[in-house]
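There are 6 protein chains.
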Amino acid sequence: MGNNKGRVVWINGEFVPESEAKVSIYDSALMFGDMVFEMTRSFNKKQFKLREHLERLYASIKYVHIPIEMTIEEMERHVYETIEANEPFFADDDEHRIMIDVSRGILSIYQGILGSHNGPNVIIADFPLRWTVAGMGELYNTGINAVITSQRAIPAQLLEPKVKNRSRLHYLMANIEVSKYEGKNNWALLLDPDGLVAEGTGDNFFIVKNNRIMTPEPRNILRGISREYIFELCNQLSMECVETNIEPYDVITADEAFMTGTPFCLLPVTSLNSTPIGSGEFGRITLKLLDTWSKNVDTDIVRQIKNWDLEKDSYRKSGPTPYSFK
Amino acid sequence: MGNNKGRVVWINGEFVPESEAKVSIYDSALMFGDMVFEMTRSFNKKQFKLREHLERLYASIKYVHIPIEMTIEEMERHVYETIEANEPFFADDDEHRIMIDVSRGILSIYQGILGSHNGPNVIIADFPLRWTVAGMGELYNTGINAVITSQRAIPAQLLEPKVKNRSRLHYLMANIEVSKYEGKNNWALLLDPDGLVAEGTGDNFFIVKNNRIMTPEPRNILRGISREYIFELCNQLSMECVETNIEPYDVITADEAFMTGTPFCLLPVTSLNSTPIGSGEFGRITLKLLDTWSKNVDTDIVRQIKNWDLEKDSYRKSGPTPYSFK
Amino acid sequence: MGNNKGRVVWINGEFVPESEAKVSIYDSALMFGDMVFEMTRSFNKKQFKLREHLERLYASIKYVHIPIEMTIEEMERHVYETIEANEPFFADDDEHRIMIDVSRGILSIYQGILGSHNGPNVIIADFPLRWTVAGMGELYNTGINAVITSQRAIPAQLLEPKVKNRSRLHYLMANIEVSKYEGKNNWALLLDPDGLVAEGTGDNFFIVKNNRIMTPEPRNILRGISREYIFELCNQLSMECVETNIEPYDVITADEAFMTGTPFCLLPVTSLNSTPIGSGEFGRITLKLLDTWSKNVDTDIVRQIKNWDLEKDSYRKSGPTPYSFK
Amino acid sequence: MGNNKGRVVWINGEFVPESEAKVSIYDSALMFGDMVFEMTRSFNKKQFKLREHLERLYASIKYVHIPIEMTIEEMERHVYETIEANEPFFADDDEHRIMIDVSRGILSIYQGILGSHNGPNVIIADFPLRWTVAGMGELYNTGINAVITSQRAIPAQLLEPKVKNRSRLHYLMANIEVSKYEGKNNWALLLDPDGLVAEGTGDNFFIVKNNRIMTPEPRNILRGISREYIFELCNQLSMECVETNIEPYDVITADEAFMTGTPFCLLPVTSLNSTPIGSGEFGRITLKLLDTWSKNVDTDIVRQIKNWDLEKDSYRKSGPTPYSFK
Amino acid sequence: MGNNKGRVVWINGEFVPESEAKVSIYDSALMFGDMVFEMTRSFNKKQFKLREHLERLYASIKYVHIPIEMTIEEMERHVYETIEANEPFFADDDEHRIMIDVSRGILSIYQGILGSHNGPNVIIADFPLRWTVAGMGELYNTGINAVITSQRAIPAQLLEPKVKNRSRLHYLMANIEVSKYEGKNNWALLLDPDGLVAEGTGDNFFIVKNNRIMTPEPRNILRGISREYIFELCNQLSMECVETNIEPYDVITADEAFMTGTPFCLLPVTSLNSTPIGSGEFGRITLKLLDTWSKNVDTDIVRQIKNWDLEKDSYRKSGPTPYSFK
Amino acid sequence: MGNNKGRVVWINGEFVPESEAKVSIYDSALMFGDMVFEMTRSFNKKQFKLREHLERLYASIKYVHIPIEMTIEEMERHVYETIEANEPFFADDDEHRIMIDVSRGILSIYQGILGSHNGPNVIIADFPLRWTVAGMGELYNTGINAVITSQRAIPAQLLEPKVKNRSRLHYLMANIEVSKYEGKNNWALLLDPDGLVAEGTGDNFFIVKNNRIMTPEPRNILRGISREYIFELCNQLSMECVETNIEPYDVITADEAFMTGTPFCLLPVTSLNSTPIGSGEFGRITLKLLDTWSKNVDTDIVRQIKNWDLEKDSYRKSGPTPYSFK
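Residue numbers (my numbering), protein chains in the order written: chain W, 1 to 326; chain C, 1 to 326; chain H, 1 to 326; chain R, 1 to 326; chain X, 1 to 326; chain E, 1 to 326.
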């Protein structure tokens, strides 16, 4: 396990210790949930799809009108600087999970008072991926039980989920709702107001039926980078993968299902509201996708996560909090 | 003007300088917009309706399941301690604007690492009310031009607005939208998805027609403390005040309109999308309500705000940001 | 306990043994869920609000256009005949639960074949109320935990719930959903598609706040006879009872809550999704209403149900199935 | 015509005379409309797509959680046993229409009383197809006038139409509504709440425009077996057939339209709300599909139905009741 | 009968013969349906509620931003001038039906070309009321059969019905739909998209239940002047009249129903979709309201209309076209 | 510039001077917005896609049930006759803009009085295209700023936009709303009630992303003839053009955008709510489409419009009124 001490966070051009990586209570991020972000991962210490994450980040910044001056190339460079600064404090088998936060900064009426930074904030943190996936190893055995919540996804016309933003209290409300559901390995699956499957609170959803891979239309969801990679994998494997409207009936009658997210890549979903999907086991095609992914990145994704689980992971207190995985 | 230096913020039992009042980037508040809050004001240094604010705060805490142990009485006491600690740094004519933030704290997967506080955060800040109302004095002369945005209010079943929470990016999007509207003194007025008037991004809305005062049903809105006080005032003045569905047509054909919010109490709305409401002037009944309010709290509300405007207010950079006034 | 043998059911003018009280597989009731019905109860063997039930039944019949010729007076008479026929087989402490079913009869294309009754069917069954309330006694101690389901109420414009009909598969789906919720004493509470509280799957819902009793507007609900009686009781007790839009936030912040239904009259609801409502105990006003009801009908409603629970009730296999109580 | 006497119905493992094929009034099917079913037909006494019907049935059973133990193979076998038992009572030119009903059984609170069967019910009836299609022969000449009802289809998120269930009172309400429409040969066509064409009350709907065959997306409809067969036929004929959103405007401006259902296979729709579609005649492509179907099953579908019409069909009292044809 | 020749229409300050009362094809009214209007009537040649009509007209003008300079007093004066000019051509028993049209005028790109009037158009026509009510006399005997159409009312947030405007093609579509309904005396009754009763295509709707008079909330309807007068009448008669949500179920179970409109004042509605309302006769309270109205205006409203029917009315070609009566 | 005098309009078989081309105030077109229409243009005096316009017109006529007897061939002939009659009054560089209006005619209750034409009206006007596009030349330089309005498109199930009708007050309301937006070159872009991009008030909308051309699904829009031509152009250029759901997020992140309409063919959209789309310049693919169009019709579309702008165009008073361009 990496040494937790020593890690630093890049904030507006300076490195500060992780424990001092904080945001003013007068920041728009804390006043309005007005912050956009990305979270990435590495394979063998090499960032995966970093450019795609940054492009999505800049689309988010544009959409919410944060007047940032940093170019995408500069941002990319600062990410690598941050990794370099932190690598000494990472274990050999650690992967770098980068979190980039961009907020509008302190609201104008509070500026000039606090001796604080004015203007947008850019924050780049870097911590061991194992934190995020701790405890997930068993899910590759059992699969996830997707639970449809009473909480619906907020549709794009009210709050754009394609912008990766921090106004996500409703995701937390969905997670709380699922925590009351009997049994374990329950992850929330949100329907949009039309009753169509949207997404999990930190993951995208797929089903497989008659060798056809299907995922919801990219409307009321975050368009995950891992989700996009499934299309690449399907292309590589000459399998059909389409965006379409999916309803609970389609899930119940599917052959397989899975969820995707940046830290864990792909996890099987073996039941919906405790009703088995297909055989109720890790599906054949799901497995093939995950294997190909592992090969492509030269990392046994499942074994890596399970190995991390084996260590006594003293900082891991509870079950997975799936949000912000995509 | 009060001395900006010296003020302190109560955080989890300790006073810290305002410039150090910050929240970890791993806090649920910054991850999910998972923070509830209140903002109050004083009249003649005496807190107004503090208990009502705290009761609403505890309702919010209950709704989002933040496992706080502090009682409402303890919270009230800490508010007064914070005021006492800051009063020396306030000008004689300053009023205390209290901001209470409560978040769930650092997400479990990040706990134990950072030497940070675990568990919920309670933060009590105290700053001069004049910051918030700077530049508003003229609005008592011109009135507000309410502008209906394309952005709709998120209805309660998707994200409960009656919980005073920080997942409000859509409010900011509405404010940005209004900033493109021609002219000035434009404040956003959000309709709910049914097309009914909901609220502003930091205020509640009222109309007056044939001596009857009307405000939207308390469904897709924050139930403002100032809004509640209008009912008290109407009772005192033997005027009829009802909750009802209000549409833009009703506003266009009303005699008067106004908005309420904690810092400014009540501001006249003299036009809707640039179309005059009634005479297009500060309405007679609106004025009566404001006068009675001033008398009840022994403060000339308008004069106080205008006086603050007269000072060269160097920290005030831009127009009003109306959010979080209620 | 009454003798289960011997009871008869009135079907189209004849008494048949209960075990032979059946409906043809070609009946419109089984083809379309095309059946309307009522279920009543007695207090001290005297039918309660029978006429109101029958009037609602005839409204249902009219709405779905079943061409019945029997008058409401004749129907009432047959109910009493059925009670008379069955009373010998009831225990002294039994109450008569009457179930009246009216269906359109065998679909025309199957008529003339089977030697069956053509035209509408009227069925009047009569069984001991204790069956329905078996196991409910403890709910007067613990209260119900109302659980909001992902399944929404079907709004009136799609399927009129004010017509007491048998097309209620969605109620069953809601009950199945709740059966997966942790803990016990969980009863479904359905929201309508606007997110407003509608009703349970066999009961109406009330909250109490500041001594004011509130129940959903009579739009997307069955207008229960017991619900109507609460208005009578409030009138008798000079308490305010209003129909209004109720949202989960209102329930969470209420002082008390309860559900009403014909067999159990009134049961306290002490939590919503496991969050306590008010004190989390049987509310003061709720209790007052129940006591008054008991006095008015000269029956200790709670004791009666608890007494029935004490008996070894061999025919009672599982927890309450709340549907069709109103 | 077959001898109506003698036919038997398979109920939970036993054959009973058709006139005794009944369901207890305490069965969940009669209490909640909680029954799923299938209806098939034969061509030349050979069941058509029986396996597809059974697979859909088992999907329905799974969706509504009826705890049936019978396997699909056993079910199939019992169907054939039922046909064998009834064939002696069928005319030579009769076809076997199989109806399979599966219900959850008597509600638990009524079990143990009646000496009845506990647990799910499986019922397999078998009757002459001619009953169902009696009077339809002329529709191949005139075509159907599709009438859009005020009654909308219930969308899948409220009551899943892809589950072939018996909670269909709204279908009956739509049929009643159409019965008030002037003229004859009127069949209901339901829009979903978005105003998109969904389905008839016993049939799926297709249009043809510029040689392209279109049918509604499989969302708020029952996915009919005959509907699926149209895709097979189009594939056989190298014609394009797609699922897409269809609105009344598209129907009005189409070249042809038709409906599909198990008993009649395919019927031309020649007008919408009395406005002719295309030429207002039996369309060229519609006819080609029907002819190919006839050839594939070695049955002149139209002639068979018309021949049955020619007989004096004493048991046929009224016009077609189209429900449950798909 | 009045002499059809001779009547004149006031157009932008000049009187022109009725046959020349026309609007340019380039007028915004014909391009966009961009015209607001009022239609009144007299009793004994005296205009009824003219001022209320004009105030509603000016509210409409304000809402759609037609830049008219004429004051409401001038408008009123021109109405009287028009009546004076036309009275010689009216029969003694004629009443004056005034139609005021206000349009934005010729679109700017067409101005200056045609030698036409630029700027808004004001048109005041005056014709015998008997045209409008011809054939309605029998409706006081039979009552109207209200027919719910598939066509829904457009809700206010999409097209404001409280503005009396000419973009009403959907009303005509509803009338066409009803024309296909069996029988006669059928008038359209539109539901809003929530399934609540809105209004007819030229009338407002009321029900009476237990001596309580109810009419839809004034949201998705035109707020008729006659509708307002019912409230006055109820006040005069000490009867309760409330605005509330009304659904078809409420209509089916009401005691009485009626429609109001300017030309005919009040007509009984005796059935809904051919199902009788209450006794299916002209209701007692409905009659009382109509009688009181007749007395108040010193005109036997029913007799007047029936008398007009008795004449051979050669210009009356077809049944009532109810639009624009309110 | 052509001689404005002399032009004639074909009305019901006769030519009348343009200044006399009017419609009676009693016409259904002015009463209900009950008129359907088409507007075309020529290139080099040759009508473009006239037949397609006429076919759409006849679909509109059919949909709204106007009982016209004229065949499409006759209509086409009268168009050419009208062009022939007007050509002498057109400049050499003028193009013919044909406007065809079809209304139901004078309402029946007004027929026989006025000596007017009874039955449907057919009106064919012909005026110089330059009127319509006056001032648009600069838009080819600056591009349009598309502004999303609070006013939503009326969905097809409430008022069918695929029928090119005159009940379009909501379009005008959207235009008024946009007129309050800061800056210039602002054109309204309407979302449908689901928040999906629908269309402008006189144009269809396209985006380009990764060389893929996308336009909204043809549901809640007018299916423009120019829109259809883009598909033809894409086919010619072997570019992909698809109908799909488009949201503001997709527009903000697109590479290019443009609008199409009959008079101007295609105009670049360079920003959305003032946020640049792609480079914020006239897009490469957009330009290619326009160039190909110009070549196909042997007209430099941009130069022609800019040349018209150069003339002192005295009849052009204001900015573009985009409605009815498609």
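One or more hints might be untrue.
Copies of the same chain look alike in the list, so a pair counts if it fits in one copy or across any two.
Below, in silico cross-link-like pairs of lysine-lysine (DSS-like), each with a Cα-Cα straight-line distance of 25 Å or less [unchecked claim]:
{"no.": "1", "residue 1": "180", "residue 2": "62"}
{"no.": "2", "residue 1": "295", "residue 2": "180"}
{"no.": "3", "residue 1": "209", "residue 2": "49"}
{"no.": "4", "residue 1": "184", "residue 2": "62"}
{"no.": "5", "residue 1": "45", "residue 2": "209"}
{"no.": "6", "residue 1": "46", "residue 2": "288"}
{"no.": "7", "residue 1": "288", "residue 2": "62"}
{"no.": "8", "residue 1": "62", "residue 2": "5"}
{"no.": "9", "residue 1": "306", "residue 2": "46"}
FYI, nobody ran anything at the bench for these hints, they're computed from the structure.
These are the hints, each one checked on the structure:
In this assembly of identical chains, the alpha carbons of residue 180 and residue 62 lie at most 25 Å apart only when taken from different copies (16 Å versus 38 Å within one copy). Taking the shortest alpha-carbon separations for residue 295 and residue 180, neither the intra-copy value of 38 Å nor the inter-copy value of 39 Å comes in at or below 25 Å. Only between protomers do residue 209 and residue 49 lie at most 25 Å apart by alpha-carbon distance; the minimum there is 20 Å, versus 28 Å within a single protomer. Taking CA atoms no more than 25 Å apart as the test, residue 184 paired with residue 62 passes between copies only; the shortest distance there is 22 Å, against 40 Å inside one copy.
Neither within a single protomer nor between protomers do residue 45 and residue 209 lie at most 25 Å apart by alpha-carbon distance, with minima of 35 Å and 33 Å respectively. Taking the shortest alpha-carbon separations for residue 46 and residue 288, only the intra-copy value of 23 Å comes in at or below 25 Å, while the best inter-copy value is 41 Å. Taking the shortest alpha-carbon separations for residue 288 and residue 62, neither the intra-copy value of 37 Å nor the inter-copy value of 27 Å comes in at or below 25 Å. Proximity of residue 62 and residue 5 under a CA criterion of 25 Å is satisfied in neither setting, with 35 Å inside one chain copy and 36 Å between copies.
For the homomeric pair residue 306 and residue 46, the shortest alpha-carbon distance inside one copy (20 Å) is at most 25 Å, but the shortest distance between copies (55 Å) is not.
The structure does not agree with the numbered hints 2, 5, 7, 8 stated previously, though it agrees with the rest.
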